Amino acid sequence: MTATLGAPPAAAPVTMASALNRALADALEADDRVLVFGEDVGTLGGVFRITDGLAARFGDRRVFDTPLAESGIVGTAIGMAMNGLLPVVEMQFDAFAYPAFEQVTSHLAKMRNRTRGAVGLPVVIRVPYGGGIGGVEHHCDSSEAYYTHTSGLRVVAPGTPGDAYDLLRAAIDCPDPVIFLEPKRRYWSKETTTLGAAPLPIDRAAVRRAGSDVTLIAYGGMLATALEAAEAAVEEGWDVEVVDLRTLAPFDDDTVAASVRRTGRAVVVHEAQRFGGYGAEVAARLTEQCFHHLAAPVLRVTGFDIPYPAPKLEEHHLPSVDRILDAVARLQWDDQVEPPRKGY
Amino acid sequence: MVAPPVPESAQLPEELSDRHPEALLPTPTPLHLLDANGREVDSRLSMPEEDVLLDLYRRMVVGRRFDAQATALTKQGRLAVYPSSRGQEACEVGAVVALRPQDWLFPTYRDSVALVTRGVDPMETLTLLRGDWHLGYDPYEYRVAPQCTPLATNTLHAVGLAHAATVKGEDTVALVLLGDGATSEGDTHEALNFAAVWKSPVVFLVQNNGYAISVPLAKQTAAPSLAHKGIGYGMPSVLVDGNDAAAVHVVVREAVERAATGHGPTLIEALTYRIESHTNADDAQRYRDDAEVAAWLERDPIDRLERYLTARGLLGEDARAAITAEAEGLASRVRAGMNADVEVDPMSLFQHVYAQPTLQLRAQQQLLTDELLQEAE
Ligand SMILES: Cc1ncc(C[n+]2csc(CCOP(=O)(O)OP(=O)(O)O)c2C)c(N)n1
Ligand SMILES: [Mg+2]
Numbered sequence: 001m002t003a004t005l006g007a008p009p010a011a012a013p014v015t016m017a018s019a020l021n022r023a024l025a026d027a028l029e030a031d032d033r034v035l036v037f038g039e040d041v042g043t044l045g046g047v048f049r050i051t052d053g054l055a056a057r058f059g060d061r062r063v064f065d066t067p068l069a070e071s072g073i074v075g076t077a078i079g080m081a082m083n084g085l086l087p088v089v090e091m092q093f094d095a096f097a098y099p100a101f102e103q104v105t106s107h108l109a110k111m112r113n114r115t116r117g118a119v120g121l122p123v124v125i126r127v128p129y130g131g132g133i134g135g136v137e138h139h140c141d142s143s144e145a146y147y148t149h150t151s152g153l154r155v156v157a158p159g160t161p162g163d164a165y166d167l168l169r170a171a172i173d174c175p176d177p178v179i180f181l182e183p184k185r186r187y188w189s190k191e192t193t194t195l196g197a198a199p200l201p202i203d204r205a206a207v208r209r210a211g212s213d214v215t216l217i218a219y220g221g222m223l224a225t226a227l228e229a230a231e232a233a234v235e236e237g238w239d240v241e242v243v244d245l246r247t248l249a250p251f252d253d254d255t256v257a258a259s260v261r262r263t264g265r266a267v268v269v270h271e272a273q274r275f276g277g278y279g280a281e282v283a284a285r286l287t288e289q290c291f292h293h294l295a296a297p298v299l300r301v302t303g304f305d306i307p308y309p310a311p312k313l314e315e316h317h318l319p320s321v322d323r324i325l326d327a328v329a330r331l332q333w334d335d336q337v338e339p340p341r342k343g344y
Numbered sequence: 001m002v003a004p005p006v007p008e009s010a011q012l013p014e015e016l017s018d019r020h021p022e023a024l025l026p027t028p029t030p031l032h033l034l035d036a037n038g039r040e041v042d043s044r045l046s047m048p049e050e051d052v053l054l055d056l057y058r059r060m061v062v063g064r065r066f067d068a069q070a071t072a073l074t075k076q077g078r079l080a081v082y083p084s085s086r087g088q089e090a091c092e093v094g095a096v097v098a099l100r101p102q103d104w105l106f107p108t109y110r111d112s113v114a115l116v117t118r119g120v121d122p123m124e125t126l127t128l129l130r131g132d133w134h135l136g137y138d139p140y141e142y143r144v145a146p147q148c149t150p151l152a153t154n155t156l157h158a159v160g161l162a163h164a165a166t167v168k169g170e171d172t173v174a175l176v177l178l179g180d181g182a183t184s185e186g187d188t189h190e191a192l193n194f195a196a197v198w199k200s201p202v203v204f205l206v207q208n209n210g211y212a213i214s215v216p217l218a219k220q221t222a223a224p225s226l227a228h229k230g231i232g233y234g235m236p237s238v239l240v241d242g243n244d245a246a247a248v249h250v251v252v253r254e255a256v257e258r259a260a261t262g263h264g265p266t267l268i269e270a271l272t273y274r275i276e277s278h279t280n281a282d283d284a285q286r287y288r289d290d291a292e293v294a295a296w297l298e299r300d301p302i303d304r305l306e307r308y309l310t311a312r313g314l315l316g317e318d319a320r321a322a323i324t325a326e327a328e329g330l331a332s333r334v335r336a337g338m339n340a341d342v343e344v345d346p347m348s349l350f351q352h353v354y355a356q357p358t359l360q361l362r363a364q365q366q367l368l369t370d371e372l373l374q375e376a377e
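Chains E and X, in that order, are what the protein sequence lines are. The C-terminal position of the first sequence is numbered 344 in full-length UniProt numbering, with every residue numbered one higher than the one before it. The C-terminal position of the second sequence is numbered 377 in full-length UniProt numbering, with every residue numbered one higher than the one before it.
In case anyone wonders, no lab produced these hints; they're calculated from the structure. Accuracy of the hints is not assured; some may be wrong.
[Claimed, not checked] From the structure, some residues in chain E lie toward chain X, with a derived Cβ separation under 10 Å:
no.	residue
1	57
2	62
3	70
4	79
5	112
6	203
Model, not experiment: these values are computed from the prediction. Yeah, the Cβ is synthetic: ideal placement off N, Cα and C, and Gly gets one too.
One chain only, chain E, in its complex shape:
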């Protein structure tokens, strides 16, 4: 970090993958208690190269490959956190975090509560999640609802490289366990930014694009799609606001409800299946909190209620700009012909 002394570093183009790598390196540098481990994260640097170079730089006591067992990775991270360390573990892919589900839900999420605050577990579980990369089955799940439904966990999903850096640093500093969902389709997207220059608090949502007609609520992999839809909507005459949730749990009611009260219309966007999905919670909260400000029902644009499709079919499943615009069009505008779609 000595190189940064003196003039502040200039903004430079950075991918989300390298921003995450920098966040891990800076956290390892800042605090000896931080350990990074998982499958292939050592010599290889992870299958997505997020941990590239870290083992060489920090040594194999602090950055290491584990035996291939996800429950083992999370379970031992719990024991390490009990003994004062700050484990940051990687699940290789979303669906391969499921073997660790019992450790996450029965122990990681509950330990602080059952010990009346005596044992906190500051563990970060990094999960490359979601589709859009042509992955075969079991490599593309959006598993956020399993975690957001679990009291005691924080669930975070960055949508931009700069935010990926800030949120990962904040997650590692956080005394609560954090499920850190990395949208793998955005790993290689670039942003020109100065990492760490002006971090937002971990549990605040952010208005990424101001608009007055309708609020699109998105996170992780869908943030860029929502922003694209907002630009395309200009041609249709809609002024679209985009809120990036950043943290899915706990939910930032204030920022989201304030936006929807301003615009009076809202669409929640996520890749994950629709039924019982995270968007249902957002829609319900907005209905409870903003009912009299709403000109139309809160709509959801989501994946279908199907197991994640094969690569050649995933484009039909994933929310697209067109599908988002279609929902926006159905928000009971004065000249509206099309009603909201029902029953799906």
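With chain E's structure known, arrange chain X with the ligands on it following the hints.
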């Protein structure tokens, strides 16, 4: 029982000793020091010092009294449920007494006597089962993890904690307790493997009490013994008579020493028997016959050590009376404590879900506060 032969490991050349299969295998018959009648047998183990034996005996008697009292309290509705470890005292006590102050214990729901032996306040031990809260003690105060109910999940916590000790350069060993049934869970496999690969200072003690609720060991495994599983992980394993407190104590102490001196984990299987039903809510007569229980009552761990100590003139009437008084004193304190009504605080529901309550939890706490105020009016 014939005394087991000296294990081959003792005779292996140095270069073979670490990973050679012969060095990892358990003995064909369980290691022991005392036979069922309390007579000393030939053994590769050496008998613990007299004061240690007396201490084991005293703690087993006190532990059994505690256990009986807890069972009685379920009948009076003072405890929601209690899993008894009657018959398993040699494991509960023998193992825990082998721990040093800086070591950690990772117990299960079955191991309340182990907690009391470790020094956890008996009232704090029973908080969980009384239904006041999920845990009554501060784990850091006693170096005792919360009693674990999701089977085998605690094995991984023990490995993680022990590995962290290695990383930090601390001299700490983790002893994790699990049952025969729990050895079938995936987490046991993962924990044994991680511990062996990392050479973590962990001792795995399987209390093979014959049953996982109603399911006998024969339906649980096809392995020659549970201890044999160690070889697959490259971990030395020990089969020990789990009703012989002296033997359990010595093998756990050896394993703690191995772990503490950088030689990695050990898997110990202790053969014992659960005299009571799985919990007070279970009916063991549905799956095992009285003759089996009667046979195991003949091998009682407390009687066995008592006979040995008495024959050696180490346990006189005075000592016996003092131990009985201590046990009765504990039982009456537990009775009094458990018969007192404890205030439970509804607001504590929200306090420790996160390090700081979230805005949503604060709002939910307000809702409950309002409801309680209305009820009070
Ligand atoms: C993961 C999991 N599955 C099932 C249970 C329900 N259960 C509680 S105790 C028990 C039997 C465990 O047997 P064993 O490991 O031999 O321990 P013991 O009760 O004999 O001490 C079962 C099936 C549980 N607690 N956790
Ligand atoms: Mg059992």
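Worksheet item: Should the interface hint for residue 79 (chain E) be scored as holding, given a Cβ-Cβ cut-off of 10 Å against chain X?
Response: 2 Å, holds
Practice prompt. Grab the minimum C-beta distance from residue 70 (chain E) to chain X and call the hint holds if it beats 10 Å, violated otherwise.
Written response: 9 Å, holds
Worksheet item: Regarding the hint that residue 112 (chain E) lies at the interface with chain X, is the smallest CB-CB distance below 10 Å?
Response: OK, holds: residue 112 (chain E) within 10 Å of chain X, min 5 Å.
Fill in: Satisfaction of the residue 62 (chain E) interface hint, Cβ to chain X closer than 10 Å
Nearest chain X Cβ about 8 Å off; hint holds.
Item to complete: Hold the hint about residue 57 (chain E) up to the distance rule: shortest CB distance to chain X must be less than 10 Å.
Response: 17 Å, violated
Discussion item. Does the closest beta carbon of chain X sit nearer than 10 Å to the beta carbon of residue 203 (chain E)?
Written reply: 8 Å, holds
The structure fails to meet hint 1 from the earlier list, while all remaining hints are met.
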